[in-house]
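Asker: Chains as they are written, first to last, in my numbering: chain P, 1 to 254; chain G, 1 to 286.
Just so you know, these hints were derived from the structure itself, not from any lab. We treat Cβ as the ideally placed atom computed from N, Cα and C, and that holds for glycine. Heads up, none of these hints are tricks.
If you anchor each label on the Cβ, the simulated ranges turn out as follows:
(1) P:40 to G:279: 55 to 63 Å
(2) G:125 to P:131: 47 to 55 Å
(3) G:154 to P:195: 42 to 50 Å
Residues of chain G placed beyond 10 Å of chain P at every Cβ, according to the derived structure:
(4) 81
(5) 250
(6) 277
Under 10 Å between C-beta atoms, here's a sample of chain P residues computed to sit facing chain G:
(7) 68
(8) 89
(9) 170
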Amino acid sequence: MSDSRQPNVSQAGQHRAGQELVIEHLAAGYGKVQVLWDVNVRVGPGEFVAMIGANGAGKTTTLRAVSGVVKPTGGHIRLGGHDITRAAPSEVVALGLGHVPEGRELFAMMSVRENLELGAAMRPAARAAQQHTLEQVYTLFPRLQERSKQLAGTLSGGEQQMVAVGRALMGLPSVLVVDEPSLGLSPLMTQTVFEALKAVNAEGVSVLLVEQNVGLSLRLAHRAYVLENGQVVKEGTGEALLADPGVRAAYLAL
Amino acid sequence: MDLFLQTLLNGLLQSGIYALVASGLALSVGVVGIVNFAHGEFLMIGAFLAWAASASLGLDPLLSLPVVALAVFGVGALTYRVSIRHVLLAPELNQMLLTFGLGILLQNLALMLLGGNTRTVSTPYQASSLQLGELTVGGPKAVAFAFAVALLAGLYFVLYRTTLGRQMRAVAQNRRGAQLIGINVDRVYLLAFAASCGLAAVAGVLVSVLLFASPTVGLVFALKAFAIIVMAGLGNLTGVLWASVLLGVSEALVQTYVPGGGGWSDAVFFLMIFGTLVLRSFRGSR
Ligand SMILES: Nc1ncnc2c1ncn2[C@@H]1O[C@H](COP(=O)(O)OP(=O)(O)OP(=O)(O)O)[C@@H](O)[C@H]1O
Ligand SMILES: [Mg+2]
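Bound-form chain P, shown alone (with noise of 0.2 Å):
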């Protein structure tokens, strides 16, 4: 995003503290099939960590178990201060989490403001905020603005992916997890949601991202962490892992 825009975040007072986002020992499944056996993951105060790994890793249900939708089997998870391992979801927001889900989950039959308005609706602070926020979020995305009264269900899967940042921002988190946000869009449009990320992420809030988009992510990301078969196998600074051989065979294709 363009430098213009960091004075008038700071004029707002709208730097937030990001929080401490630790995983574990995370070990959790579905029913009786064990999908994560050992996940270890920090994302410090304000840092932005990807985590990167194969189709059936283990990334969105280590995402889910940070939400609480997912319910660990072993492990910690804290958020802040807070030991949120056992949280409902509903807890986990209201300490401060933002999640952009896989499949993006939004409210098809609302419109795009509602769908907005609705991310800042289960936190106080975030409602008094409310309009403020919204005007963040149509400035990082100008198309939500053009769009605000179209139902969500009608946008395009790159529109649609905006809404998912952008409900998630309206909760004014101060931690971010992002799953698979390029997921069908363009390199343009991926561009775009990637560029909304590290704005938000230079604002203070801490960001977690899971990507496919391994080269992208790596290069956007202070750190980050390779997941496989529901075991982190390799962690390291984006560059460093851009530069290991064994990712760049397995995710690189190089």
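Please arrange chain G with the ligands on chain P, whose structure you already have, making use of the hints.
Answerer: Structure of chain G with the ligands alone, referenced to chain P:
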């Protein structure tokens, strides 16, 4: 011409109560995702409570209505907690068996406690009627329609203008998305199911004025409500209003213009389900 207008008016008046029953059912189907086959029995409870208040305390059903609504709201909340909640993830057939069984249980309880007779409620406006130019409206019908419209207005205000209503629509449209933005889905389910039962009971109170209370009085209303939500499209809350008017008016037209139509009018809802499903399969949409 007057006969035609009178017929339309009769149909419209009847549709108020249909919309009340059907919008309650639409809440449990659309928001909670439960096809409640006991919906008619909650209506029956409302009708009996109104009759009981009238017979023992001399209370006009329209005065006992708020208390009956609250009481059955509570019964609905309890029903959700002890039963519905535990089958939300179960196969649909199990859910249907549960609500079907609940309906039979409630019907038989009513039969045991009160017997199979119909109980009528007498009100001062029972025999009264309103004259609108050439058109005549029975007092009870007018009163019931006015109440139904007021209650529906309240319901749709809550659904479309309040935070709770927005939450309900959000859960109806995307349960997972609702959960991830921090909506307490279990709480929304509880409130939606309880409200659904409360609405059925309120309709029951009006039915006690229009017709009578009996253990099986809810059945035909529940069946028609199913027809209406099928017509409206499952989970479509606004469509319910139009579908109710369509059913009410069609029934009235059949009553007036088809020879021996009184008997046929109760089959109209079935034709409508049939017609809707055939039409949809032709259009290839759901
Ligand atoms: N609801 C579910 N019930 C049962 N198994 C599931 C469920 N969701 C995911 N799984 C299984 O868990 C494993 C991990 O899935 P997950 O969605 O976490 O992978 P992922 O890393 O996000 O993959 P992708 O890159 O394809 O999105 C897969 O084998 C998948 O089949
Ligand atoms: Mg995934």
